Structure formats: C-alpha cells, structure tokens
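K.L.:
The primary structure of each chain is shown beneath.
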Amino acid sequence: MTLVEQLAAAKQSGDYQALLDAVPYSKFLGLSARSDGDALITTMRFADHLIGNPALPALHGGTLGALMESAAIFELLVRAETVVLPKTITLTVDYLRSGKPVDTHARAFVTRQGRRVTNVRVEAWQDDRGKLIAAAAAIFLVKPAQE
Amino acid sequence: MSLKAVRGFTEGIPHNKALGMEMLELDRGEARFKLPYDPKLVGNPDTGVLHGGAITALLDACSGASVFAALTEWVPIATLDLRIDYLRAAEAGRDVIAHATCYKKTRNVAFTRAVAYHDDPDDPIASSVGTFMLSTKPGSTK
Numbered sequence: 001m002t003l004v005e006q007l008a009a010a011k012q013s014g015d016y017q018a019l020l021d022a023v024p025y026s027k028f029l030g031l032s033a034r035s036d037g038d039a040l041i042t043t044m045r046f047a048d049h050l051i052g053n054p055a056l057p058a059l060h061g062g063t064l065g066a067l068m069e070s071a072a073i074f075e076l077l078v079r080a081e082t083v084v085l086p087k088t089i090t091l092t093v094d095y096l097r098s099g100k101p102v103d104t105h106a107r108a109f110v111t112r113q114g115r116r117v118t119n120v121r122v123e124a125w126q127d128d129r130g131k132l133i134a135a136a137a138a139i140f141l142v143k144p145a146q147e
Numbered sequence: 001m002s003l004k005a006v007r008g009f010t011e012g013i014p015h016n017k018a019l020g021m022e023m024l025e026l027d028r029g030e031a032r033f034k035l036p037y038d039p040k041l042v043g044n045p046d047t048g049v050l051h052g053g054a055i056t057a058l059l060d061a062c063s064g065a066s067v068f069a070a071l072t073e074w075v076p077i078a079t080l081d082l083r084i085d086y087l088r089a090a091e092a093g094r095d096v097i098a099h100a101t102c103y104k105k106t107r108n109v110a111f112t113r114a115v116a117y118h119d120d121p122d123d124p125i126a127s128s129v130g131t132f133m134l135s136t137k138p139g140s141t142k
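From first to last, the protein sequence lines stand for chains B and P. One point on numbering: in our numbering, the residue at position 133 of the first sequence is 133, and numbering is uninterrupted. One point on numbering: in our numbering, the residue at position 13 of the second sequence is 13, and numbering is uninterrupted.
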C-alpha cells in the first residue's frame, strides 16, 4: 500500500496509528496518536536516544521540532476532506522550557486553511498541560495528491 | 572553549548518535555536520525521502555546535528559537550536510544561520536561523 492509500484507509477506519507506524521516522521517535474529544494528541514516548543534553538530562531540541511538525501534519491529514500530503514550507519553534526525560505531547491548531497554503500552530507539553515546553508555527503547502 | 571539547561534547549526545550524525569540521564559530542517509529516518516510505524532522535535528545540533565553537569559555546554552525553511525535498539515498555559522554573539544571546545540502551549499535543501540563550541555569531557557 502506498502512503496515500494508507492515508485513505486510515481516514475511513479512524485508526491513524497504522499510518504513523508506516513512517519509519515516526517509529524512530516513538510517536503515537489518540483522540481526546475533538482534539488529536500526538505523543512522543520517552527513550534514551531522544536525549540532547545528558547532563540535565533534557530532550534534544530537534526531537521537539520533529514531534511538533509531525503533529501538525497529522492534524492536516485528519482534518482534510481530500487525501493530501502536506509539504512543510517553514517551521519556527520557540523553546520555552527544557524537555524533561518523560513523554511529550503535542496538539496542532489550524490557524488558516487556504487553497494552497495552511498555517498551523502547535503546542507541546509534558506532565502539565498548562506549562508548555515548546510552541511552534508552521506553514504547509497543501495540494491534492493526484496533482 | 576548545574545539576538541566541543567535539567531544557534541559526539557524546545520545540523539546525535542515534541519528548517526558525524562532525566533519569545526572552526571558530562554525560547524559542519553530516547526517548519513538511513532508512529509519525516512518520512515518506513511497519515495524514501528523509523526514523533515531529521533535518531539523541536524540543523539544531549543528547550529548549537557553532555557538559552542564561538565561545571563549564553556557556558551552558539553550535554543530560544529555530526557524527552518524547507527549500526542496532531500533526495532519497543521499547524505545530508549541514553548515552552521554563529555570526553574532552578545553577552546574553548568540545568533546562528545554517544551510543543509547534499553536496552544493549553493543548492540547499533547507536553511535555518536560530537564537541561543547563553549561560542558562540548568532546566531553564531564560
């Protein structure tokens, strides 16, 4: 199955974990997804290989960027009426607190859905939903996969 | 901070090791890293192209190293923000190189820019700018 076919199947069944597992890098990061009411929460399970500062210890900034980019793409895949593969144009990450060696969650919000471009902001937190450890803004090129 | 110390510090970072990152060059305020192509870092299994996140991690690590390489003595640093522009898709099966420069350092903040490319820095895959807080207390970024 191609990724686009897998995406179409996931949209039908509502099981997005299979789609995440089909992406090698998502498995490498240990990502999982679940619905929480209307929200889609993407979680990066803590593992030693995600550490960027062994002295603190703290998560590598790159892993947080990758988690938030993935959460944004996921949100777009789930929300879109058609099967589209968003392409990241730009990603800006604000690092607010150091990431502790525990699970990290992310939720994306579509700020504006345009015809070609979609703006998304993303929040990431650990055990306290009110204390963000990172916030991101991303812009995606979104066009139907057939084009 | 000695370049040897920066190299040892960077190479000891677990996530850099997990990604297979190699430090190619380190000079005052400059760093060049290689991310060897690896199927486990693929973002689109149909095309075999690396995930943007792997390139984000490469640019973040390389930019941080350029800051350490610009410091005269070691202080803890923390990324304040990092913006990445994805200019074109990486090509499947090819290594990615990052080159970062710490072009300005003040008492509190260091500023970086970086590019990621296959073999020609003038034909980049991604470019980034970052800011780093200097002399942070453990566990804080402010």
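Simulated from the structure, these hints should not be mistaken for laboratory data. Since the structure is predicted, the reported quantities are computational estimates derived from the model, not experimental observations. Idealized CB from N, CA, C, for every residue including glycine. It cannot be assumed that every hint is accurate.
[As the list claims (entries may be wrong)] No farther apart than 30 Å at their CA atoms in a straight line, the calculated lysine-lysine pairs in the BS3-like style are these:
1) P:Lys4 / P:Lys34
2) B:Lys131 / P:Lys34
3) B:Lys100 / B:Lys131
4) P:Lys17 / P:Lys104
5) P:Lys40 / B:Lys143
6) B:Lys27 / P:Lys40
7) P:Lys4 / P:Lys17
8) B:Lys87 / B:Lys27
9) B:Lys27 / B:Lys100
10) P:Lys104 / P:Lys34
11) P:Lys105 / P:Lys4
12) P:Lys40 / P:Lys105
13) B:Lys143 / B:Lys11
14) B:Lys131 / B:Lys27
15) P:Lys105 / B:Lys100
16) P:Lys105 / P:Lys17
17) B:Lys131 / B:Lys143
18) P:Lys34 / B:Lys27
19) B:Lys143 / B:Lys27
20) P:Lys40 / B:Lys100
21) P:Lys105 / B:Lys143
22) P:Lys104 / B:Lys27
23) B:Lys143 / B:Lys100
24) P:Lys104 / P:Lys40
25) B:Lys11 / B:Lys100
26) B:Lys11 / P:Lys40
27) B:Lys131 / P:Lys4
28) B:Lys87 / P:Lys105
29) B:Lys87 / P:Lys4
30) P:Lys34 / P:Lys17
31) P:Lys17 / B:Lys100
32) P:Lys40 / P:Lys17
[Unchecked claim] Derived CB-CB ranges, DEER-like:
33) P:Lys17 / B:Arg45: 17 to 23 Å
34) B:Ala55 / P:Thr106: 22 to 28 Å
35) B:Met1 / P:Lys4: 47 to 53 Å
[Claimed, not checked] The following residues of chain B were derived to be distant from chain P, with all beta-carbon distances above 12 Å:
36) Glu5
37) Phe28
38) Asp38
K.L.:
With reference to the structure, classify each hint as holding or not holding.
P.N.:
Verification of the supplied hints:
With a CA separation close to 18 Å, the supplied pair lysine 4 of chain P and lysine 34 of chain P stays within the 30 Å bound. Of the pairs offered as hints, the one joining lysine 131 of chain B and lysine 34 of chain P is violated, with about 34 Å between alpha carbons and a cut-off of 30 Å exceeded. For the suggested pair lysine 100 of chain B and lysine 131 of chain B, the alpha carbons sit about 12 Å apart, so the restraint of at most 30 Å is met. Distance check on the hinted pair: lysine 17 of chain P and lysine 104 of chain P sit about 28 Å apart at the alpha-carbon level, within 30 Å; holds.
Straight-line distance between C-alpha atoms of lysine 40 of chain P and lysine 143 of chain B comes to about 27 Å, which keeps the hinted pair within the 30 Å bound. Distance check on the hinted pair: lysine 27 of chain B and lysine 40 of chain P sit about 8 Å apart at the alpha-carbon level, within 30 Å; holds. For the given pair, lysine 4 of chain P sits about 17 Å from lysine 17 of chain P by alpha-carbon distance, which is consistent with the 30 Å threshold. About 20 Å separates the Cα atoms of lysine 87 of chain B and lysine 27 of chain B, which keeps this hinted pair within 30 Å; it holds.
Taking the CA atoms of lysine 27 of chain B and lysine 100 of chain B, the gap is about 20 Å. The hint holds against a cut of 30 Å. About 24 Å separates the Cα atoms of lysine 104 of chain P and lysine 34 of chain P, which keeps this hinted pair within 30 Å; it holds. Of the supplied pair hints, the one linking lysine 105 of chain P and lysine 4 of chain P holds, its CA atoms being roughly 21 Å apart against a limit of 30 Å. Of the pairs offered as hints, the one joining lysine 40 of chain P and lysine 105 of chain P is violated, with about 36 Å between alpha carbons and a cut-off of 30 Å exceeded.
The hinted pair formed by lysine 143 of chain B and lysine 11 of chain B meets the criterion: a straight-line CA distance of about 17 Å does not exceed 30 Å. Only pairs whose Cα atoms come within 30 Å are accepted, and lysine 131 of chain B paired with lysine 27 of chain B is accepted, the gap being roughly 26 Å. Of the pairs offered as hints, the one joining lysine 105 of chain P and lysine 100 of chain B holds, with about 27 Å between alpha carbons and a cut-off of 30 Å not exceeded. As the CA atoms of lysine 105 of chain P and lysine 17 of chain P are separated by approximately 28 Å, the hinted pair is consistent with the 30 Å bound.
At most 30 Å may separate the alpha-carbon atoms for a hinted pair to count; lysine 131 of chain B and lysine 143 of chain B exceed this at roughly 35 Å. Straight-line distance between C-alpha atoms of lysine 34 of chain P and lysine 27 of chain B comes to about 22 Å, which keeps the hinted pair within the 30 Å bound. Between lysine 143 of chain B and lysine 27 of chain B the alpha-carbon distance is near 26 Å, which keeps this suggested pair within the 30 Å criterion. Taken as a hint, the lysine 40 of chain P and lysine 100 of chain B pair is honoured in the structure, with Cα atoms around 24 Å apart against an allowance of 30 Å.
For the suggested pair lysine 105 of chain P and lysine 143 of chain B, the alpha carbons sit about 41 Å apart, so the restraint of at most 30 Å is broken. Between lysine 104 of chain P and lysine 27 of chain B, the direct Cα distance comes to roughly 37 Å. Violation of the 30 Å bound is thereby established for this hinted pair. Between lysine 143 of chain B and lysine 100 of chain B the CA atoms are separated by roughly 37 Å; this puts the pair beyond 30 Å, and the hint is violated. The suggested pairing of lysine 104 of chain P with lysine 40 of chain P is violated, with an alpha-carbon distance near 35 Å, which exceeds 30 Å.
Restraint check for lysine 11 of chain B and lysine 100 of chain B: the C-alpha separation of about 33 Å exceeds 30 Å, so the hint is violated. For the proposed pair lysine 11 of chain B and lysine 40 of chain P, the alpha carbon gap of about 25 Å is at most 30 Å, so the pair holds. A threshold of 30 Å between alpha carbons decides the hint, and for lysine 131 of chain B with lysine 4 of chain P the separation of about 37 Å lies outside it, so the pair is violated. A hinted pair counts as satisfied when its Cα atoms are at most 30 Å apart, and lysine 87 of chain B with lysine 105 of chain P does not qualify at roughly 33 Å.
Distance hint between lysine 87 of chain B and lysine 4 of chain P is unfulfilled; the C-alpha atoms sit about 38 Å from each other, more than 30 Å. Proximity of lysine 34 of chain P to lysine 17 of chain P is assessed by CA-CA distance (about 12 Å); at most 30 Å being required, the pair is judged to hold. Between the alpha carbons of lysine 17 of chain P and lysine 100 of chain B the distance comes to roughly 19 Å, so the proposed pair stays at or under 30 Å and holds. This hinted pair checks out: lysine 40 of chain P and lysine 17 of chain P have alpha carbons roughly 14 Å apart, not beyond 30 Å.
For the hinted restraint 17 to 23 Å between lysine 17 of chain P and arginine 45 of chain B, the CB-CB distance of approximately 19 Å keeps it satisfied. The supplied range of 22 to 28 Å is met by alanine 55 of chain B and threonine 106 of chain P, whose beta-carbon atoms lie about 24 Å from each other. Restraint check, methionine 1 of chain B to lysine 4 of chain P: a C-beta distance of roughly 49 Å satisfies the suggested window 47 to 53 Å. Not every CB of chain P lies more than 12 Å from the CB of glutamate 5 of chain B, the least distance being 9 Å, so the non-interface label is violated.
Distance check on phenylalanine 28 of chain B: its Cβ comes as close as 5 Å (rounded) to a Cβ of chain P, failing to clear the 12 Å threshold; non-interface status is violated. No Cβ of chain P comes within 12 Å of the Cβ of aspartate 38 of chain B; the nearest lies about 25 Å off, and the non-interface call holds.
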